[in-house]
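Please model the entire structure based on the sequences and the hints provided.
As given, the protein sequences belong to chains A and B, one line each in that order.
Residue 1 is where the first sequence starts when you use the numbering used here, and the numbers rise one by one after that.
Residue 245 is where the second sequence starts when you use the numbering used here, and the numbers rise one by one after that.
Treat the hints with care, as some may be off.
As the list claims (entries may be wrong) - Simulated crosslink set (SDA-like; lysine to any residue; CA at most 25 Å straight-line): (1) B:K388 x A:L22; (2) B:K388 x B:D452; (3) A:K93 x B:Y363; (4) A:K93 x B:D452; (5) B:K439 x B:K388; (6) A:K93 x A:Y106; (7) A:K93 x B:R271; (8) B:K439 x B:D452; (9) A:K93 x B:S351.
In short, the hints are calculated from the structure, not lab data.
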Amino acid sequence: MALVYMRYELLRTLRNRRFFLLSLGFPLILFFVVAGPNRNVRDFGGSGISFPLYYMVGMAAFGTMSAMLSSGGRIAAERAVGWNRQLRITPLKPRAYFRVKVLTAYMMALISLLALYAAGASLGVSLSAGEWLRMTGLILLGLVPFAALGIMLGHLLTPDSIGPALGGGVSLLALLGGVWFPLGSHGFLHGLAELIPSYWLVRASHVALGGAAWSTMGWVVMIAWTLLLSAAAAHAYRRDTGRV
Amino acid sequence: MSARSLEGARGGPSSEIQLRGLEKSFRGPDGPIRAVRGIDVEIAAGETVALLGPNGAGKSTTIDMLLGLLEPDAGSVSVFGRPPSQAIARGAVGGMLQTGTLIRDLSVRELVTMIASLYPSPLGVREALELAGIGDISGQRTQKLSGGQTQRVRLAVALVSDPQLLVLDEPTVALDVESRHAFWTTMRAFAARGKTIVFATHYLEEADAYADRAVLMAHGAIVADGPTTEIRAMVGTRTLRATLPGVELDALAALPGVSGAERRGDAIVLHCADSDAAIRALLAAHPDARDIEIAAAGLEQAFLQLTGDGGASARGEA
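So, in C-alpha cells, the structure goes:
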C-alpha cells in the first residue's frame, strides 16, 4: 500500500507554502471581497441560488481545481530533478504512484474546500446536513478528471511552462464553468459549458434547489472526461522515462 | 528465454548481468543517431565494473537500458536472470542516475526513510546514512544541501535498499577531490559486502583505482573490455623516456621493441612493445642517453589509442 511513502509525500506537500497562497488564499480572499457586499442577494443572476452560496461553491471549484492541478506542478518539478526516473528504479508500482498523487491532490483540495465552507458559513450560507454532504460528494467526484489532468500535464510539461499553462487553464475552466457568474440556462455559451467538467463542479451548489444537481448529461460528461484524461495521463506517464 | 530460471543465477560464478547485442538509436536533426551499436557485456556477481568512455560514447544510454528505463531497439538485458523491470520490482537493484538532485521539503532522514519503505528488505535508515557519511546532516532539509552533500544523499537513497546490484551513472561528476575520495571509500565498503557495482565514468583514474574491470566505450561500441591492467597491456606496454638531444626520431622508432617515438624538448619518449629490447638497443646506439625512465603506460594512453580514431573499428580482442 506504500503507506509510509504516502505519509511523506503528504507531509512534503503540506510544507510547500506557495500552494497555500495560490489555491487556498486567493479564492478565500476573492470570496470575501465579492460575496461580502452581496451577502443578502437571495437569487444571484437568475440562478435561484443565494449570492454567498453561489460564490462559495464557485470559489471552492476554483480552489479545488487549482489544488488538483497543482499535482502537475509538483510532478514537473520532480521530473526536472530526475526524481521521476529515480522512482522508476524502485519497486514502487505505477498504480501506487498514481494513487499517492491523486490522494495528495485530494487532500489539498479538501483543505481548500473546508476553508471555503467555513468562509461561506460565516456569510450566512446554511444548508441541511444532507445537502452539505451531497454537495461535497458531487464536488469530490467532479474533481476526478482534474486529478488525471494534473498528472498528465505534469508528465508533459516542464516547470517553466506548467505555471502559465495551469494559471491560464484554471482561469479559462473557471470562466467557462460559471465560477464568476451564472451562464444562463440556454444559448451557445451554456451549451459549451455543459461539455466542460468545471461547469458541473459549480453546479454542485444546485443541491440547495432540491432535486438532482447533476443531470444525466452531467454524469456522462464527467465520466467521459475521466476516462479520456486517465488514459492520456497513463500514456504520458509511460512515455516519460527519458532524461529531461 | 533462458532468462526464466526460477532462482535466477544467484550464487554461481556465472554472469549475473548480461547485455546481449544491445542497440539503440535516437532521432536527431540529421537522421538517426546510433547511440549504442550492438554491445555485449557479461558481469559476474561481486564484480566492480567501470563503463569508461568520453561524453557521447553511449554509457548513459547503456545504463538506461540496463535499468529498463529505455527499451533497446535490438538485443536483450538480463539482470539476475530476469528482465530489469522484474529485478527492480524485487528490490535487487539500486541506482544513482546522471544529473539528478533531490525533491524538496523533506529532511534527509525523511527522504531516505520514504525510499527505504518501498523495498522488501532495506538497510536501516541510520546504517544507510552512516554508510554514505551523512549521519550528521540527517535533520537538514534536502533543498539546503551543498552539491557534495546532495550526491551523498543520493548515494544513501541508492544504498538503503541494500541492492545486489548498484548502478551509478557518473556519480562523482561535479564533486571536488575530497568528496570524490570519500565517495569511493563508501563504495569500496559496499563492494566488500559482495555487491555487484557498475559505474559509468569518464575519469580514467576512477576506473583504474576502483574497478576490477573496465569496459571501454567509444561511439556506441565497446573498444576494449578487461582488467585495467590488461587494457594497458593491449597497447604499447611501456614508455621509455630519456634525455637525448639531436637524434633522428625515425632512427629511434626503428629500434627493436619500439613502436613509436616522439620528441619533447631535449627529451625523447619511446612507446615500447618490448621495453627490455628497446633499452638495450637504445644504449648500444646512444650510450650518452641519460635521465632514463621506464614506466607502464597509463590507462589514459591506452584509452586515447583505443578510442582515438573512429573507435568503432578498433574493437579490442581482450
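Evaluation of the provided hints:
no., hint, in the structure
1, B:K388 x A:L22, "holds, 24 Å"
2, B:K388 x B:D452, "violated, 34 Å"
3, A:K93 x B:Y363, "holds, 11 Å"
4, A:K93 x B:D452, "violated, 38 Å"
5, B:K439 x B:K388, "violated, 31 Å"
6, A:K93 x A:Y106, "holds, 20 Å"
7, A:K93 x B:R271, "violated, 29 Å"
8, B:K439 x B:D452, "holds, 19 Å"
9, A:K93 x B:S351, "holds, 24 Å"
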